[in-house]
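Trainee: Spelled out, the chains give:
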Amino acid sequence: MPDLEKFREEAREWLEANCPESIRKPVSGEDDIVWGGRNWVFKSDDQKIWLDRMAERGWTVPEWPKEYGGGGLSKEEAKVLKQEMARIKAPPPVNSFGIWMLGPALLKFGSEEQKREHLPPICRGEIRWAQGYSEPGAGSDLAALQTRADDKGDHYIVNGQKVWTSYADECDKIFCLVRTDPSAPKHEGISFLLIDMDQPGVTTKPIRLISGKSPFCETFFDDATAPKENLVGELNKGWTIAKYLLTHERAMIGGMDSSQVLGRSPGEIAADTVGRNSEGELADSFLRSDIARSDVDGWAFMLTMERYRDKSKAGEGVGAASSGLKYYGTELNKRRYELSMSASGFNALKIGDGIDSEEGEMARRWLRTKANSIEGGTSEVQLNIISKRILELPDA
Amino acid sequence: MPDLEKFREEAREWLEANCPESIRKPVSGEDDIVWGGRNWVFKSDDQKIWLDRMAERGWTVPEWPKEYGGGGLSKEEAKVLKQEMARIKAPPPVNSFGIWMLGPALLKFGSEEQKREHLPPICRGEIRWAQGYSEPGAGSDLAALQTRADDKGDHYIVNGQKVWTSYADECDKIFCLVRTDPSAPKHEGISFLLIDMDQPGVTTKPIRLISGKSPFCETFFDDATAPKENLVGELNKGWTIAKYLLTHERAMIGGMDSSQVLGRSPGEIAADTVGRNSEGELADSFLRSDIARSDVDGWAFMLTMERYRDKSKAGEGVGAASSGLKYYGTELNKRRYELSMSASGFNALKIGDGIDSEEGEMARRWLRTKANSIEGGTSEVQLNIISKRILELPDA
Amino acid sequence: MALVLNEDQEMLRDAARGFLRRRSPVSELRRVRDEQVEGGFSRDIWREMAEQGFAGVLVSEEYGGSGFGHVAAGLIANEMGRTLAPSPFLSSAVLGAAALGRAGTDGQKGEYLPGIAGGELITAMAVDEGDKHKPEHVTLKAEKSGNGFKLTGAKTFVADGGAADLLIVSARTAGADEDQQGVTLFLVPADATGVTINTTPTVDNRNYADITLDGVEVDGDAVLGEVDNGFVLLESVLNAGRSVLAAEMEGLAKESFDMTVDYLKTRKQFGKIIGTFQGLQHRAAHLWTELELVESAVLKALQTLDENFDGAGAIAALAKAKAGSVARLATQEAIQMHGGIGMTDEHDIGFYMKRARAADELFGDADFHAGRIAMLRGY
Amino acid sequence: MALVLNEDQEMLRDAARGFLRRRSPVSELRRVRDEQVEGGFSRDIWREMAEQGFAGVLVSEEYGGSGFGHVAAGLIANEMGRTLAPSPFLSSAVLGAAALGRAGTDGQKGEYLPGIAGGELITAMAVDEGDKHKPEHVTLKAEKSGNGFKLTGAKTFVADGGAADLLIVSARTAGADEDQQGVTLFLVPADATGVTINTTPTVDNRNYADITLDGVEVDGDAVLGEVDNGFVLLESVLNAGRSVLAAEMEGLAKESFDMTVDYLKTRKQFGKIIGTFQGLQHRAAHLWTELELVESAVLKALQTLDENFDGAGAIAALAKAKAGSVARLATQEAIQMHGGIGMTDEHDIGFYMKRARAADELFGDADFHAGRIAMLRGY
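Residue numbers (my numbering), protein chains in the order written: chain A, 18 to 413; chain B, 18 to 413; chain C, 11 to 389; chain D, 11 to 389.
The set of hints was computed from the structure by calculation and includes no laboratory data. Take the hints with a grain of salt, since some may be wrong.
[To be verified] Keeping only pairs whose Cα atoms sit at most 27 Å apart, straight-line, the calculated BS3-like set for lysine-lysine is:
id : chain 1 : residue 1 : chain 2 : residue 2
1  : B       : 405       : D       : 144
2  : A       : 254       : C       : 275
3  : C       : 275       : A       : 405
4  : A       : 405       : D       : 282
Produce the complete structure using the sequences and hints provided.
Mentor: Written out as structure tokens, the structure is:
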């Protein structure tokens, strides 16, 4: 494919010319991540320059159509661009739930007007979106949500509470699942609604986790309003969009590379703390066998992600199998962190003064992994999905 | 307690005088086990002498009342007798399902006439009993049994099929759960009935297991008869007796000592096949850690049996906790044998010509352990019992 | 001895439970954390505990304790595990009292034991030097110096090191770095010249310290037990500590299990009480059996300590191994079964998982002790 | 290469499946066992398999094979796993063909490969000497003798050793017992003077042999590859065998899983289809994810062999490790979920568990290969 190589050359040249030197480095902390939005404060001028230049070219979302602010690139071109960015250690110009979640939903289910209104500001990092799915009473049973949007002619009045809304306290808008028909069966009275955060009826409260400070918030709607045109897709058909995005999210959460823990493998960590015997093996039989087995599973898991990607490319759908990835990947990640903690010993137990301290990175990450098998659908829910949709085992 | 020490002296003296020298040795094979019954052929004269002398003293069933052929000993005395027998390696004079299962049931639920008729021949090893609980269609759902006993005035006519009836092809009689009221809810139409095997309506067929030849049979009832006086306990209340005996059986199966496999621990076996490193540890990290963890669990399990015995002695019931022993003990046993097989390597895979060969003891026992977590109520059933009766979790 | 509690022991347990639920529920640990209480526990509550007899449970009556013994100590620890009560019970009332009671001269006993029993004197064991427990790895040097010794080196992860008045320090007086022979125990006042104590906040919000000794001078009276032969003493004292710590883990594992079973009985999902889901029922039932095994191993270890203190090595290893692995499993399952709410700092359940991990690590984790059992069995 | 099958491969798989279900269902293994068929498989069926192209899948067209390669060999093995088809496919068509194809002289290839591809010549690899797989442990001695060598020693657990016409034997020509250097591979006719072959019936009812070589004389042409440098060759040939054996285990694990899921959908207990019990559903769903991982690892290993035969060590270890542990788990779960009926010899499911264990053990069990991966990663 000479075209692709030509594209690679152009991309490389452009990136060399346009990516500021100061930000060409691996992402190492919160300060290196740009989320955008009205409240955003760039940590450096170069961050802003980089975002603006990339946005202008449509490369903050390379595969989205050009008319909505994307780059209009093919999958292959987008992959080349990613490789070339990685080559010079160029970070993503902007991260956001708008890019990962809302954009794909609007592209698939949104009206032409909605796409034109909401997608360009996402591409340019001007509007930051939060996700409003979960509710305190609902948990894994997402469709049991109670937040209601009552029809008031040209707008909805929204009342209720969402939980696990990441960064809601810093976001401009939120996409929500709301109940628009309380009398319908629970999956059939739900709609997908876009709501402005910047109004008196919306308030947020941060959630502290067992691992300390977190991006999560509770978000409260108290007679909040949203215009009718903010309804995405059909009225009472929001569950379809929710399912689409959940599958999307599952693949993301399950697919996290878990072979390394803070840049080192559990085997390397253990070699430092327990040493090796005369055969060169870890001196601790227990750690050695547990780590080796987890490495076997980790490698086979990565190959499974590769195989699913290749299957998708070959036109075969992966479907409910994404539940398998989500389940296995998150359980594996927990296991990895348990092993890394054991390999590190006393040192990893140190966590700094106060629950919100920045110290104790290993322990905080270990604690944080425990949510992996809960968020985006618990492990138990994934097993139910596999059992029903793939194995076709009967309902009780 | 000087009385107990006096009893010990007497017992020791009597055993020394009456236990034939030739049979004072550990039980090492089928030939060393006496089951009794009309069809029994003793492997030596001394086996018969030993049985007759012990039976005369009531010591084949030391704790049963004297009037039914037992020894009338207290728990403590019976324990002393067992210790003294072990001291000189005296084997049990007779084994039987009559002693382990039917006897306790008759003592608790039988009429005076039934006790006088059936217990003494058990004590003397004259009548050998089989157990007829399971049916092919019922499995774990024992109460779903279909074998019917129809009331014909002074007798019942029995039709149906039992499975997993140990040694039924060599037994004289069988105690069965039968359905006496097909219209009642399934637990309420079951009775406990004693049936003669020696009649045209009863036939048996041995069952071959994955481990080869087995004592199990299928037993078929085709218009078999049983007199009314053979009904134990109340009509249609047989489930009560069944539950009593199941708890009894569970404790027996779960309580098998699983720390040794053919006289050697998995750790010893592995030391021979994989050797040791310079620290004296097994050279194979995987086997070492798995075996050590299984030894930890095995020891803690044995202490739990000890604790439950002590609790019983102290007057606290163990109740549904026997399900915990059954579950844990059988799963542990399976794990032990898996480890022993892995530790033994190629050698343990050898099994001799033909499925019924006597060779390949290790492999055959390994295969046989797989039934431990099925027979006497599957592991899943035990977990259900714990969940409901101990944790009091609600029904679906 | 029958493997059950007698009536006195049951009464003691009930009393401890009542006191701890009232005076040191989980909210007390949370307070200690949030207010960054110095030393990691409330001195007032520790004094009340001492009045309850907790601090003197292993100190003989002669020195102001009750001498109830290790089963009693385990019952108290078990209840402390249930409420995650922060206190120097393990360091001072168990390790300190056992070490001094076992090997102290009359002078040493008279000087320290009444203070321990009264809750006024707090001791801490300074054993480890690396990131994993390895008591024979002793490089902290004690050189003869005048009538006494000069100690130089560093210890890590000393439980209650930041609150201790008296440190019990393992030091090398002879032999190579990993030899058991040549280890000596010393009593070192925490305020001695040359002692630096840095507390290290940890996931379980208890109080640990890294301690440096820079040419600390002590006199001959500071030796606890025999010179060069301290390792056997150290091990038997640690075995008491491990067994009591196992009892604490038993308590915390059971409490988190009870909380979880309660939650399963009330939480609804998909229109059903989640406790009706067989997937969760079976995991809960399995955990119950594991907890039964822990109870047996722990009780046997404690009884053995009361009967034959020095012969309790293997059974202490069993108790610590089994309690450690099951406490970790139980608390991890507790979080998963609680779902999102269990991940929030607002809910107590996370505190149990954090303590389980730190307690497992302290004085040898489950694998360390399973490995000891393997060595004892010849593999 | 994309980690999916292409159309040709799918066609090959479907053809193999059709043939094996028809000609060698599980009842054929049962027949071989019950009738104690010599060699452990039917020569007639093996000839038919050769006609289907199974025997020549790794033999180049020049020597009468199809040269389809390792992915193809794996697909055939996978289907053989599904029906537990007894045949010398692994020993002869994979190990024999790979060894000769890789290292044979033109003369050796011309002499043996056409026979292998045609199914007339059966080879077997004689590697192990102890009870656990350890290919570098070679004490069978090959001493120079005239123009050739004299071989003395014993091998154990030689798959298809009782049916083989030609043995490929690892022998020590230099170095110490466990050195990799100094190992040489020899081609030894099974009927050579001094060769004693004792077949050992095993749980999987396949054909293994203990083989003794008592001063067996072979000439220089019997050396396969280089003298003293045979270990690298042996390892790469074994890696092909391990990967294909992993594919067989994938097949048998999946078949036993499918049988079990079908059973869960029909068997009733307590008035309900047992497949409705969430306890069993979750275990089945977990197994399904494990089987997905096996499929990925096995396919990657086979593809790697086709691309870079000598570089497939680590991935072959992964495939064998993952397939071995999951095949054992899957077949054990299959028995438990089948309940009593699964314990009877009459039911086929037990055969799957027996084969899973023997196949796991052959050429290194799951732990052996996890250990190799650990060594490669530096621990």
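Trainee: Please go over all the hints and tell whether each is borne out by the structure.
Mentor: Results of checking the hints against the structure:
1. A hinted pair counts as satisfied when its Cα atoms are at most 27 Å apart, and residue 405 of chain B with residue 144 of chain D does not qualify at roughly 50 Å.
2. Of the supplied pair hints, the one linking residue 254 of chain A and residue 275 of chain C is violated, its CA atoms being roughly 33 Å apart against a limit of 27 Å.
3. At roughly 25 Å between alpha-carbon atoms, residue 275 of chain C and residue 405 of chain A fall within 27 Å of each other, so this suggested pair holds.
4. Among the hinted pairs, residue 405 of chain A with residue 282 of chain D is consistent with the structure: their alpha-carbon atoms are about 16 Å apart, no more than 27 Å.
Figure legend: structure checked against the earlier numbered hints; hints not met, in rising order: 1 and 2.
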